[in-house]
Amino acid sequence: MKRMGLTLIELVIVCAIIAVLVGIVWVVMAPAREKARTITCINNLHQIGLAYQMYRQDWEGIDPEKGKRLQWWELGLPKAGAISLLAFGYIKSESILFCPNWRRDLFLNNPGPKLLTSYRTMYGPDEETLPHGRPFSVIIAEMPDFPIETCPLHDPEYFKHPTHDDCRVLGLTVTGEVKWYKNAVIRHMWFK
Numbered sequence: 001m002k003r004m005g006l007t008l009i010e011l012v013i014v015c016a017i018i019a020v021l022v023g024i025v026w027v028v029m030a031p032a033r034e035k036a037r038t039i040t041c042i043n044n045l046h047q048i049g050l051a052y053q054m055y056r057q058d059w060e061g062i063d064p065e066k067g068k069r070l071q072w073w074e075l076g077l078p079k080a081g082a083i084s085l086l087a088f089g090y091i092k093s094e095s096i097l098f099c100p101n102w103r104r105d106l107f108l109n110n111p112g113p114k115l116l117t118s119y120r121t122m123y124g125p126d127e128e129t130l131p132h133g134r135p136f137s138v139i140i141a142e143m144p145d146f147p148i149e150t151c152p153l154h155d156p157e158y159f160k161h162p163t164h165d166d167c168r169v170l171g172l173t174v175t176g177e178v179k180w181y182k183n184a185v186i187r188h189m190w191f192k
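For what it's worth, the numbering used here labels the leading residue of the sequence shown as 1, then goes sequentially.
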């Protein structure tokens, strides 16, 4: 009587073929996953931008103009950035304050203070907030579309060489526009 089944060698070959196919799919899908995370981050920044716009309207903030030095409060920006918008109810979900590329696990079991956002606020409540850089009022006068919130988590080169000129970061402007910035432009304005 003939047995119907796979031998050990045949079973190993089938498993190896499945593993190769899974590996190929994984490699092919990685760029699509990163693209989806980037789109989610852009959407988060857009939502934060809408919250900034509502806050600015409530506080009668004016739009930045080239050559005109304006303080954060004249622009109608909250003192502590996007975290203030969550506290004041302009942002309803804390998850909007985190880029999908951010890994929070390191901070959840940390006995220190809880990290409230993965985005970097690029303005301060006063001129002394930027001890190694230039005052925000000077920066915004030279570059009215300077980002007020940034996310560097989508350019792998940023983590290898954060001072590299070709690195890109996502940024949110005072007027709520989300766009890509070269890291060199931000560093040039910040440390000029």
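Please note that the accuracy of each hint is not assured.
Per label pair, the in silico range of CB-to-CB distance [stated by the list, open to error]: (1) A184 / V28: 49 to 59 Å; (2) I18 / E177: 23 to 33 Å; (3) Q71 / A30: 37 to 47 Å; (4) R103 / L6: 34 to 44 Å.
Keeping only pairs whose Cα atoms sit at most 20 Å apart, straight-line, the calculated SDA-like set for lysine to any residue is [said to hold, decoys possible]: (5) K92 / D58; (6) K179 / E60; (7) K79 / K35; (8) K179 / T150; (9) K79 / S137; (10) K79 / H154; (11) K68 / P144; (12) K66 / H154; (13) K92 / G133; (14) K35 / V138; (15) K68 / V138; (16) K179 / K92.
If you are wondering where the hints come from, they were derived from the structure by calculation, not from laboratory data. Here a beta-carbon is modelled for each residue, glycine too, at the ideal position from N, C-alpha and C.
Now for the hints, and whether the structure bears them out:
1. A184 / V28: 49 to 59 Å: 33 Å Cβ-Cβ, so the 49 to 59 Å window is violated.
2. I18 / E177: 23 to 33 Å: 47 Å, violated
3. Q71 / A30: 37 to 47 Å: 44 Å, holds
4. R103 / L6: 34 to 44 Å: Distance hint for R103, L6 holds at roughly 42 Å.
5. K92 / D58: 17 Å, holds
6. K179 / E60: 24 Å, violated
7. K79 / K35: 32 Å, violated
8. K179 / T150: 10 Å, holds
9. K79 / S137: 14 Å, holds
10. K79 / H154: 27 Å, violated
11. K68 / P144: With Cα atoms ~9 Å apart, K68 and P144 stay inside 20 Å; holds.
12. K66 / H154: 29 Å, violated
13. K92 / G133: 33 Å, violated
14. K35 / V138: 35 Å, violated
15. K68 / V138: 8 Å, holds
16. K179 / K92: 23 Å, violated
In this structure, the earlier hints numbered 1, 2, 6, 7, 10, 12, 13, 14 and 16 are contradicted, and the remaining ones agree with it.
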